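Below, each chain spelled out in residue letters.
There are 2 protein chains.
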Amino acid sequence: MALSANDVAQKVFQMSFRGYKQDEVDDFLDIIEHELDERDREIHELRSRVRALEKKDDDFLL
Amino acid sequence: MALSANDVAQKVFQMSFRGYKQDEVDDFLDIIEHELDERDREIHELRSRVRALEKKDDDFLL
Chain A
1 MALSANDVAQ
11 KVFQMSFRGY
21 KQDEVDDFLD
31 IIEHELDERD
41 REIHELRSRV
51 RALEKKDDDF
61 LL
Chain B
1 MALSANDVAQ
11 KVFQMSFRGY
21 KQDEVDDFLD
31 IIEHELDERD
41 REIHELRSRV
51 RALEKKDDDF
61 LL
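Which chain is which? The protein sequence lines are A and B, in order. Just so you know, we're using the UniProt record's numbering here: the first sequence kicks off at 1 and counts up by one. Just so you know, we're using the UniProt record's numbering here: the second sequence kicks off at 1 and counts up by one.
Check before you lean on any hint, since a few could be wrong.
Claimed, not checked - Only pairs whose alpha carbons sit at most 27 angstroms apart, straight line, appear in this in silico DSS-like list of lysine-lysine:
1) B/Lys56 x A/Lys56
2) B/Lys11 x A/Lys21
3) A/Lys11 x B/Lys11
4) B/Lys21 x A/Lys11
5) B/Lys21 x B/Lys11
6) B/Lys55 x A/Lys56
7) B/Lys21 x A/Lys21
8) A/Lys55 x B/Lys56
9) B/Lys55 x A/Lys55
10) A/Lys11 x A/Lys21
These are computed hints drawn from the structure, not numbers from a lab. Note that this is a predicted model, so its numbers are computed, not measured.
Work out the full structure, taking the sequences as your base and the hints as a guide.
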């Protein structure tokens, strides 16, 4: 996964004569940052859970 | 998780005098959409893997 929540937080856009309203984009990116964080935490927990269950599985077969 | 990849795809910002460059924001949101999709797919797979391992675990204990 190439993009982290921190990448979103650090992202800077160029300004232009007519462009997207800054506060709207900033608010939306704050939500996205939170969403990426949440998903990464769940992935981390699920991966640990799978490893633990797989280890338990192996121990049964010994 | 409140925000889906599709929500990102559907997002529309108001325009303003001196705002963020549209193509930069659009390109960045395309990357984010892909990243959310990828993470949601991994979460789905990991959840299924945990359920399968937990069921196998229960079957052992019967």
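For each hint, the structure was consulted:
no.	hint	in the structure
1	B/Lys56 x A/Lys56	holds (11 angstroms)
2	B/Lys11 x A/Lys21	holds (13 angstroms)
3	A/Lys11 x B/Lys11	holds (18 angstroms)
4	B/Lys21 x A/Lys11	holds (13 angstroms)
5	B/Lys21 x B/Lys11	holds (16 angstroms)
6	B/Lys55 x A/Lys56	holds (13 angstroms)
7	B/Lys21 x A/Lys21	holds (10 angstroms)
8	A/Lys55 x B/Lys56	holds (13 angstroms)
9	B/Lys55 x A/Lys55	holds (15 angstroms)
10	A/Lys11 x A/Lys21	holds (16 angstroms)
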